[in-house]
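Undergrad: Residue strings, one per chain:
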Amino acid sequence: MAKTPEEIKHSRPISPHLSVYKFQLNSITSMGHRLTGIGLFFALSVVCWWFILWVFSKFEPCYIELLTQPVVKLLLFFVSYAFFYHLCTGIRHLVWDTGRGFSICAINYSGWVVFAVSTLLTAILWIFM
Amino acid sequence: MKSKFRSGLSKAKGLGSSGSGAHHWWHQRVTALMLALMAAWLFCFSWSVASQELSGMLYILQKPYNIIMLSLFILVSFYHASLGMQVVIEDYVTCRALRLALLLCIQLFSILTVVSFLAAVLHVMNL
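If you read the sequences in order, they're chains A and B. Numbering (the working numbering) for the first sequence: 28 to 156. Numbering (the working numbering) for the second sequence: 4 to 130.
Hints should not be assumed to be uniformly reliable.
Restraint ranges, calculated between C-beta atoms of paired labels, are given here [unchecked claim]:
#: 1; chain 1: B; residue 1: Leu-12; chain 2: A; residue 2: Tyr-90; range: 55 to 61 Å
#: 2; chain 1: A; residue 1: Leu-80; chain 2: B; residue 2: Trp-29; range: 32 to 38 Å
#: 3; chain 1: B; residue 1: Ile-63; chain 2: A; residue 2: Leu-93; range: 43 to 49 Å
#: 4; chain 1: B; residue 1: Leu-61; chain 2: A; residue 2: Leu-102; range: 20 to 26 Å
As a list, the in silico DSS-like pairs of lysine-lysine whose alpha-carbon atoms are at most 25 Å apart [stated by the list, open to error]:
#: 5; chain 1: A; residue 1: Lys-30; chain 2: B; residue 2: Lys-16
#: 6; chain 1: A; residue 1: Lys-85; chain 2: B; residue 2: Lys-66
#: 7; chain 1: A; residue 1: Lys-85; chain 2: A; residue 2: Lys-100
I should point out that these hints are in silico values taken from the structure, not numbers from a laboratory. Backbone N, C-alpha and C fix where the C-beta goes; we use that ideal spot for every residue, glycine too.
All chains should be built: construct the whole structure from the sequences, respecting the hints.
TA: Right under this line is the structure:
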């Protein structure tokens, strides 16, 4: 049976073709940028609503106590890593927008730099804070 | 120029470029640059606030420099985030009704959160 135009449209592969490429550093950094971006949107929302509720509850101490919970600390650790990672890959994207750094060698190099710098920044924040 | 090469039917169906992609792209980059620069402030701010008692936190928060940067950071990051979420939704959600619903949810939720956040900031300033 022939497919309707609507069915053909929906069976087409969707824009970033995740399943057709070999898994490599470049695809991981790219997917990571998107995933951390989505994660940071939700994290930002939670942090904002935490602040709003904290302020309008007349600074209820339980909001601060919540931050000392191990689970919350672990989540904050991942959020901070996601933030630094997204920051580093974001700067990398801005450099690419100027037309620089597109050779295979430069892209692999900047990919490793992203992981190194975001790990370093997260470590500085959590070890010394 | 654009309309010269398009048939009457394609124009009526609204196919082709939306005419607003460059604007979206440019705003994404400008907000990205602003946030990257403000990240240094955010790093120092979270560092200084983390070790404080409530009175110390409020003292740091009430400094004009910090409260302006915080409000600006939240405003710009929500704009940047909703632009980014729009790209992700448009890439992966093919159902038009669901796509529109999700985009509206993200944008309305962002506006609500930013306005509430600024109201909370005003409240802190009036203490």
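Undergrad: Could you run down the list of hints and mark each one as holding or not?
TA: Structure-based check of all given hints:
{"no.": "1", "hint": "Leu-12(B) x Tyr-90(A): 55 to 61 Å", "in the structure": "58 Å, holds"}
{"no.": "2", "hint": "Leu-80(A) x Trp-29(B): 32 to 38 Å", "in the structure": "35 Å, holds"}
{"no.": "3", "hint": "Ile-63(B) x Leu-93(A): 43 to 49 Å", "in the structure": "20 Å, violated"}
{"no.": "4", "hint": "Leu-61(B) x Leu-102(A): 20 to 26 Å", "in the structure": "25 Å, holds"}
{"no.": "5", "hint": "Lys-30(A) x Lys-16(B)", "in the structure": "22 Å, holds"}
{"no.": "6", "hint": "Lys-85(A) x Lys-66(B)", "in the structure": "19 Å, holds"}
{"no.": "7", "hint": "Lys-85(A) x Lys-100(A)", "in the structure": "23 Å, holds"}
Hint compliance for this structure: hint 3 alone is broken.
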